[in-house]
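**Q** Chains X and D are the protein sequences, given in the same order. For the record, in the first sequence the residue sitting at position 252 is 252 according to the numbering used here, with numbers rising by one throughout. For the record, in the second sequence the residue sitting at position 100 is 100 according to the numbering used here, with numbers rising by one throughout.
Among the hints, a few may not be true.
As the list claims (entries may be wrong) - Which stretches of chain X does chain D cover? Using the computed rule of at least three CB atoms under 8 Å from a CB of chain D, they are:
id: 1; stretch: 8 to 22
id: 2; stretch: 86 to 97
id: 3; stretch: 236 to 244
id: 4; stretch: 300 to 306
Worth flagging that the hints you see were computed from the coordinates, not collected in a lab. All C-beta atoms in this analysis are idealised placements derived from N, C-alpha and C, irrespective of residue type, glycine included.
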Amino acid sequence: MSHGHGDNPYLGHHWDNMEQQFSSAKLGMWLFMAQEILFFSGLFCFYAVLRFNNPEAFEYGHQLLDKIMGAVNTIVLLLSSLTMALGVRAAQTNQKRATCIFLALTFLGGCGFMVIKGIEYNAKGTHGSLWGLANFKGEDGVQKVGFDYGKAFSTDLAPEPPAERAAKPEVASDAETAAIEPGGMVAEALDQKEVRSILFGEALPPPGKHGGHEEDEHAGDDGHDHGHAGHVEQWGTPPPTAHIFFSVYFGLTALHGIHVVVGMGLIAWVFVNARRGKYSSKYFTQVEVVGLYWHLVDLIWIFLFPLLYLIS
Amino acid sequence: MSESQTASASPQSVKFGLEAPNFFTASKGLASWLLTLDHKRIGIMYLIAITIAFALGGAFALMVRTELFFAGPTITSDPNQYNVWFTVHAAMMIFMVIIPGVPAALGNIILPLMLGAKDVAFPRLNLASFYFWIVGSLFLGSVLFFGGVDTGWTFYTPYSIIGTGSTMATSVYLALFGVFILGFSSILTGVNFIVTIHKLRPRVMTWFRMPLFLWAIYSTAVIQVLATPVLAITVLLLMVENFFGLGLFDPALGGDPVLFQHFFWFYSHPAVYIMILPAMGIMSELISIHSHKHVFGYRFIAYSSVAIAMFGFIVWGHHMFTSGMSGLLNAVFSFLTFSVSIPSAIKMFNWLSTMYRGSISINTPMLWALGFMFNFAIGGLTGLFLGTLSVDIHLHDTYFVVAHFHYVMMGSALFAFFGGVFHWWPKFIGKMYNEKMGMVGATMVFWGFNITFLPQFIMGSQGMPRRYYDFDPAFLIWHQMSTLGSYLQAAGFVVCAYTLAMSLVKGRLAPANPWGGNSLEWHCQSPPILENFETVPDVEDCYDYTDWQYDRELGGYVLKG
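Pulled out of the complex, with its shape left as it was, chain D reads as follows:
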């Protein structure tokens, strides 16, 4: 098999993918979707479900920001209600959107395509993971009907140890159980992806010929499998503690509340890398393909993913510098935290070097990628401030921290996620979207995002504490900027959603390779057939774009010759 064979075998089906038989047309009816074992359909169901969760979580974010438009009561006079909003916003965005966003949703669709495989290793387990997500999300979402949770998404003890008599108790149990189940969804997806990458690579694709997205997904999956069970046992014990009063975390019963923090962050710090690593994998693809240049420092990017996954396990203590750990422990954790910046910086510099003298296409996916680079630089560097012990004592639990992790979680992880959605949309939907509209949406979100969170760095450094319902009037102007920025973001997301929705109605049919990529997913038709490939081409270097040339008539790239 050679590349030319593929090209000659399929120009017709490549040209009008959506009109040829594809995985949408393979079977019909609601049951064929709900019970499907096809990774692409499961991925699309994830995307739909995550979009709903994102809209809900976003609505709570807007309520939080609106409340802070004026000092004192704005839209609620009950500070506790405000606590519920930010808790629900965070819990939903983290456990229901960002963690499954790239690996489970996009990864499901793209990973087997990139591998030239027909499906993931365990299709039934894959569907089970999706329904675990649904059930877990229903539990977590149901807290809204029981008064909500106000513990913060971290469930710190003893806030979260609530007697059965309290009105908040039911919600806390439901939320914890939801997180427990969502954790298992994540673990099983991780198991599935590791096996898929190990066992279903085509012979010609050695480890160091894999697309960098797969390296990132692989590293992520390792974290998912090794870190998530620790969260599972922790929230399980917290539930049992609540029911039976074991005395593990509750100081009134001889337990140790800081023990909970250690266990929580032992998962939740690596979880930060579950969120950012696959996003970095998308970045490696986006930057190289849209710069039309071979990715720079392939091995360094691949190793840096693995390094981040490993370092991620030994830095959790930096969340607890003010929790009364020993000075030695603080210093060790601070030092280790700085070490994470090395692989992260390696990635940034390699992306920049990839772009250097490339032929950069400014389009929607690339705008998201550039937004990532800008935001991640700020988010990453402010992480160094927080990793420094003395500075952290000043900044701990202020808006500086809020701004920092939003720059990483939203400005980076979600930006890459949206970049990935726009990048692969033509592949799995088979329609092109309106490029101008997409770019307007991305730009609006970028500016909205920065207007929202840059002022929070300033507020934080001046001492505005996080999670406060009320604030000193001196912060008014910054809070108002921040709130207005959040509205601009929301409008930007509406434009993005409209762009994608309109593409379904009016978009032109997508060619197999609209961007000129060379990894395997660009060698099959858009959208792919049920089993993805008729023949899997032998691609030795997926970042070598020299074999492709632009076909103006087709609006996409075709193989030369």
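Just chain X, with the same shape it has in the complex:
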């Protein structure tokens, strides 16, 4: 094991040969991906538990996601995986030009995915279908900025007299944008629906009948092109736990999105190296390893898509 071993400048001093170095890098990457899978498994478990506890939230919430967009994104990501695999192949077979083209195409695939995701996020934003109780409006689409959890849900505050509690929904729905007065209630004393109605001025529709003003508001809502008169008519009244679905949706897709962005960064890095002619049949470890990562990102999306979009 002499030091200046081999003619390959990319061989680290502590390896015997390129083969050992390459197989080690690959093993390392597989282990890192095992870690990634466990990371997302945590999220999938959260998904399972929360869906089991709140099936109505998931049944309601998934309808608001755009299946067409999701499907297109799946195809975009699958295609980018194909170009990535072709890029790795090209690097292994000394085709510098092809390597660069395929890597560039893969990068563009990632861009496409993020753009479509951005459009979807934006639509959710306009609908107010966002994460968390404070951000999820379901229908009215009015942003409630500056909402203070600490105060609103503090159980230290004195319970509100029942009469006032009953009166509040009327007041709030009259002036929807009015600042919400924090405090003055005990969260646990109310059911979720009541909490929302008090906080966000949502009307409490009598069972089986929808509040008229909701339909009016959403007649002009053009975020979705389903040609419907109103959310409530098409998708039914949001259950009180609907925000949980969107918390899970944003949690899963945002973390996946971060992985896509990191992957794009890595692809850009190997693209630059490829243009400099770093890779050949003798050394292509970096392309291979980045390729593995990109396939993992793709694979995770393939789980996310049916779990979030295709709930029956």
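Dock chain D against chain X, hints included.
**A** Relative to the frame of chain X, chain D by itself:
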């Protein structure tokens, strides 16, 4: 290559290791340390950093104990301040000291040496892990400047769900983010070590010829890679929950706080094995080498490490017997918990059998190892009490639990860590320490430790709840004993630190093999050269010490012939 070749090739450099070229002299300057890719230097930087964290965490422990010297206010009249102290003590000791202590610090130095490798598989990743540790620790440590965290190290929801308006909020975010980053340091170290063990073993070292420390490190690394990401996602979601109110854990928003406990313990129970398994690996080395006898039941010890790593993943529910799980689930978790005791007992009995009729050297590393055996017996057996459902209902959240996990985490994991430091100190520093001083330090810590925590078993069984600022005067005598014991421990650690520091100044040069071990690290010079070995000897059985004999003049062992 044979062993005799190595011996004949290097008696001179073996004899005066520190005077020969070595990894300390390979390059000079601060940058050559801070940017080094050498596993030994990174390991030493870890040791220094962990020592600082240990001193800080220990100071908080002493403040907690001092506060409990009298009932009612002693050194603070603010109970919340007390909550901050025990939280910071636990978070620092667990995430910054014990988890990286053996694998990242000692493992970094010893693992490639034991393998006869020049470095770990990914030296850059190794340095990155170290800086992840630094950054994570800075985040976790910075909570001290923002009022501290009082949630307990477990960050149980809904305590840890704090509105942005609260004064404690910033600290909770910082602590959670610190834990997140420290987790990645741990994961990357695990990835690195698994690949190193798979790919960089010399040809002659088959899996069942590896030193048992490597089996332990390997099993630990598997847990690090598979369990830590679950903690990462959990604390990440808890942060997001805090910022955006997702409604995952917060019951006020429709979330499930017990879900957090499940996820937290899914990591944090295996994390207990991240702490104890490598310590057990050190024990296997220490007991065999200092008994000068082939380790007993090699395969059983190796398999038991793997078994502990696997069982560790399916017992987390025993932390939650009182959290309202179903009776069936409680019973299943209780049963599985008992199953962990089997591989642990296998190890204990094999160590005892190794010592039986051995020629035992009573020296500093062996004293730590014997301390481990005593403490781990108590810590392990009291674990059975807590794993029993009916008994746990009585003992849950009492000092009995506190004493139990300190016997395992400190009395065992840290004892083995210090044993390992004293055992390998001559190897990686190249100086011998004062044996008498080392033994005095180890003995002081042993007695201090037992005086601190044995009374806590008694208090706990009588109903003293953990994490309480105040207590019933009936417990006064036990609390005072406990506090005095903690001072004795602290003094013992000061003696240990002094011993090691003095060895740098006055210690005699270490021979290559001061204890008579036969695993590969004892075949290279002390301290090793930059690439560790000139030639890697073929060692078939690293627990066969018959080829070595003591050389009085050298003060260490040399190969016969």
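**Q** If a hint holds in the structure, say so; if it does not, say that too.
**A** Outcome of the hint check:
A count of 4 residues in the stretch 8 to 22 of chain X with a Cβ less than 8 Å from any Cβ of chain D is obtained; the coverage claim is therefore met, three being the minimum. Only when three residues or more bring their CB closer than 8 Å to a CB of chain D does the claim for the stretch 86 to 97 of chain X stand; here the count is 0, and the claim is violated. Counting residues of the stretch 236 to 244 of chain X whose C-beta sits closer than 8 Å to any C-beta of chain D gives 4, which meets the bar of three, so the coverage hint holds. Coverage of the stretch 300 to 306 of chain X by chain D is violated in this model, with 0 residues showing a Cβ closer than 8 Å to a Cβ of that chain against a need of three.
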